[in-house]
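> As given, the protein sequences belong to chains U and G, one line each in that order. For the first sequence, the positions run 28 to 764 when the numbering used here is used. For the second sequence, the positions run 372 to 626 when the numbering used here is used.
One or more of the hints may lead you astray.
[Stated by the list, open to error] Simulated pairs of lysine to any residue, SDA-like, Cα-Cα distance not exceeding 20 Å:
| hint | chain 1 | residue 1 | chain 2 | residue 2 |
| --- | --- | --- | --- | --- |
| 1 | U | LYS242 | U | ILE680 |
| 2 | U | LYS755 | G | ASP453 |
| 3 | U | LYS755 | U | VAL660 |
| 4 | U | LYS682 | G | LYS616 |
| 5 | G | LYS593 | G | THR619 |
| 6 | G | LYS487 | U | HIS543 |
| 7 | U | LYS682 | G | MET476 |
| 8 | G | LYS454 | U | ILE680 |
| 9 | G | LYS487 | U | VAL660 |
| 10 | U | LYS755 | G | SER390 |
| 11 | G | LYS454 | G | GLN468 |
| 12 | U | LYS490 | U | GLN231 |
| 13 | U | LYS755 | G | ASP452 |
| 14 | U | LYS755 | G | ILE447 |
| 15 | G | LYS487 | U | ILE680 |
Just so you know, these hints were derived from the structure itself, not from any lab.
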Amino acid sequence: MKKQKGMLPFGIILGMAAMILNLALVLVFQVSSGYDKKFQELNGANINLILPKEQVTEKIREKLEQHKEIVQAEYVEGILTQATVKEFRGSDFTMNTVFYHMNETRSMNQLEVLQEREKAAQSIYLPLYVAEFGEYQTGESITYEIGNASYKYPIVGVVQEMQFGNFSTNMMGAYLSKEAYEKLLEANAGNRVYSIALKLKENQDSKQVQSELFKMFREENVSVLYGVCDSENKQGRTMVCNLLIAIFMGFVAIVVFVTLFLAKFRIQNCISQEMADMGVRKALGYTSNMIITSIIMPYMVVGAIASVNGILLSYLLLPTIAHLLGLQAGFFLHITFSLSALGITLAVLLGLVFVFTYFAARKIRKLQPIYAIRGNAECKKAALWQNLLLFFSLGILTVLVSFAGTLFYNVMVKPDNFMKALSDETASVVLRVKDADKIKEALERQKETVKVLKLSTEKVKIKSEEINALVCEDFQQLDNDICYQGRYPEKEDEIALGSAFAQEDGYQLGDVMELHLDGITQKYKIVGYIQSVNQKGELCAVTIEGMKRLYEDYQAANLYVYLQKGTDAGRWMEKQEKTYPEEIFNSFNQEELSEKTKEMYSSLIQEAILCILVVTILISLLILYVIIKSILVSRREEFGIYKALGYTNGQLIGKLAGELLPVSVVAIGLFSLAGTIYMRVIYQFIFSMAGAMKNFCQAPIVLLLGSGTGFLAVTYLISLWLALPLKKISAYQLIKE
Amino acid sequence: MKQKKQVVVAAKNLKKSFSTGGNEQTIINGLDLKVYRGDFTVIMGSSGAGKSTLMYALSGMDRPNGGQVLFCGEDITNYKDDKLAVFRRKHCGFVFQQIYLLERMTLLENAIAAGKLTEHNKQKLKEKASKLFAKVNISEVLQKKYSSQISGGEAQRAGIVRALMNEPAVVFADEPTGALNSNNSQAVLDVFSEVNREGQSIIMVTHDKKTALRANRIIYLKDGIIFGECCLDTYKGADKEREHKLNTFLEEMGW
């Protein structure tokens, strides 16, 4: 009876570890494959292009269809607009939106209707990403402001699509009823585009083919309004999702470690308490192996039952977690049972339980029966284990608390720290212009303008791989310093390379390397390394003069405009479009996008912080429960003596909780202080998984100590609460027992 | 004129029963008792007669099921846990058969652990402990040892020191020589006799006739009530007449 009681916390702890481990493994196994499966189901195109309709001539069609790697090309008409969505998460939000006719036949990039109401004229289907983040429901309506006109559409459905990226690509789709499409087309006939979906032969490098097509379009003077290949799209859509899984896995490692450490203590403690029984059995003639087996078996059986229950429980939570993660990637992730995750979870946990119980139990071999019956030698070891368990568990939990605290600080208090690491250069407004030199000076003269910078992304090749090159007139002026080692290029023959090349291809600072563009090759000296989360470090940076060496007539296409604080970027943008209608092709309110992204991260991180804190408190509760319970059992007599001497319940509860305080203070204090070092490493690790090498996140010592003090107070209160059962037992009973 | 003795502990219609396996077993069944200040009272009886149960009920270590316990005239029966703890520290000292010294403390620390509940001046506490240790013949060297490093007799004498630290009204001793050899038993009993002669009230449970000889009042329990009582003079040393009187009493009781 007593044994079964002791097994309950062990079972709960192991079940929890199994739940979290299985949960993490299923996500690792199924997020990426889930994306691929959905991509196959909806017959996603390998390359998606958007071109002005009038430029898609017969000649262009022929060239595409005759390309040796393309097996299928599909053309779907749409209207490309810069649409301001009203009341998007409570405010206006401008994004490039392609409106399609919902009933247009598509063999590629099919739409999966998730929710649908009765169809109506003048209605719209929203993509899942817009519907979820904009908090729109079917049955409500959405209002777009396009040009000077306002269009209000009842939302009759939500669709899942694999054609577009997420908000960071600033291009979204929307699907209108026939009547609504025709009405919008009347007012925006000049914005007609073709979405071209291309299916390639199997195992073709879509990036490579895309690069060849871009070259062809340049030669044919065709403007590519949007172009993305399947691998880039997947990377962009699953970036936040992968980041969350990375954080989650780290979290899992900590929880599993603490749980197993706790299980080890539990086993050690139980064995210490059962030592006398073991001695009796030895005296009766049981062999050591028989006794060891009898010790291990209950733990293995309880461990197996608890693990299976934990795994089953994880499948109850997985749909919710998968839904949240899937939404980051803009699709519904359907979780299926994973035999591999189950196998690994059971093997890892039961394997560790076996190892722990065996090593804890094997000492019975050396023990003579009489010493086992007396069992005194075990007391000191149990106390040592108790302190070690407390020290390391609270230490590791302090890492979690510090992580939650710094995450709060860097995302909610100083959001720029987090954004800088994850985003590229962010100005107030980005203008795509005809002649950058002509308009730049005029813009700089305006009182709202702080600075205007020529910064564009161009395609170049390193060896045979096509990558983006950041081309800027003066990298020193960038607000977001993405150079993490060395410096930016200043001369025409200098280059800064993306982190992927530094890590994988072994390019060193000072090396000379070659860039290729349309048959021209130039040598550049590597002067620095740069990062980019969106491009996973696969990029480079050269000066405008450096780009001109590859393309003599190169002219900067984009102007990054930084406005004074308080300036309405949207209004300023509209004003410029009216003032320079011939010069500005396109404009983009980056400030607004940045704010929306911050909001998105904030809500996600808030949930993550809450989750971390709840789990931390639960684990602390379990650890302290096991420790205090074992103290109450093993030192029952001692507390009885204290009660007989006249100590009050309050004094004894305070004494018990106070005994844990020195180790708790040292563990939490040391790990909080060490946070100034390891927090940097943790953030560096998490961001590097997403391609960001430079860490802007801060871990102020006051914040770390504050979080630590809060955690210490919580653990002390939990200890006091857990020691309350002392009250229920009278001194006489304690001594009698 | 002989001065009237003052009652220090009294039990009125005291009842105590235990529930074992669904059966209610009555141990103390409506017992009345008065214990006087300065007395060395011994409780005797056969196994299961309720000797320890009575002693722990009188000392506030356990709660009776019925009746009253009056300590210096005050009813402690319905005291709450913390009030009872404060009462014990001020008025009771305990000496156990298993001694129950705190294993992680030295003898001196054990004494101070009890004393610091009523006296916060460390120096005064040490001085008081030293005097008591000297009285029970425990040297300074021994005071710094742990219970696992000393003999049973030494440990029990340290236990008596701990019981006396708060100058209790009564010292309750539950078979204090039960686990000791003959020599150690004598030494421990000598300490009890000496402190009793100095005025300390003692209530002791024992099975041992030699121990009972030290008392000036012997109470014999049977069937949950006081079956008989024997009064002796204050112990001053081995005495044939005293021994005879006790033997006769115990024979009458069916011992």
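> Would you mind marking each hint as holding or not holding in the structure?
Now for the hints, and whether the structure bears them out:
Taking the CA atoms of LYS242(U) and ILE680(U), the gap is near 77 Å; set against the 20 Å cutoff, the hint is violated. Straight-line distance between C-alpha atoms of LYS755(U) and ASP453(G) comes to about 12 Å, which keeps the hinted pair within the 20 Å bound. This hinted pair checks out: LYS755(U) and VAL660(U) have alpha carbons roughly 14 Å apart, not beyond 20 Å. The suggested pairing of LYS682(U) with LYS616(G) is violated, with an alpha-carbon distance near 50 Å, which exceeds 20 Å.
A C-alpha spacing of about 17 Å is found between LYS593(G) and THR619(G), which places the hinted pair at or below 20 Å, so the restraint holds. Straight-line distance between C-alpha atoms of LYS487(G) and HIS543(U) comes to about 86 Å, which puts the hinted pair past the 20 Å bound. For the given pair, LYS682(U) sits about 15 Å from MET476(G) by alpha-carbon distance, which is consistent with the 20 Å threshold. Restraint check for LYS454(G) and ILE680(U): the C-alpha separation of about 16 Å stays at or below 20 Å, so the hint holds.
At most 20 Å may separate the alpha-carbon atoms for a hinted pair to count; LYS487(G) and VAL660(U) exceed this at roughly 26 Å. Restraint check: the Cα-Cα separation between LYS755(U) and SER390(G) comes to about 18 Å, which is no more than 20 Å; the hinted pair holds. Annotation: proposed proximity of LYS454(G) to GLN468(G) is violated, straight-line Cα distance about 26 Å (limit 20 Å). As the CA atoms of LYS490(U) and GLN231(U) are separated by approximately 18 Å, the hinted pair is consistent with the 20 Å bound.
For the suggested pair LYS755(U) and ASP452(G), the alpha carbons sit about 9 Å apart, so the restraint of at most 20 Å is met. Proposed proximity of LYS755(U) and ILE447(G) is supported: the alpha carbons are some 18 Å apart, at most 20 Å. Using a Cα cut-off of 20 Å, the hinted pair LYS487(G) and ILE680(U) holds, with the two alpha carbons roughly 17 Å apart.
When held up to the earlier numbered hints, the structure conflicts with 1, 4, 6, 9, 11 and fits the remainder.
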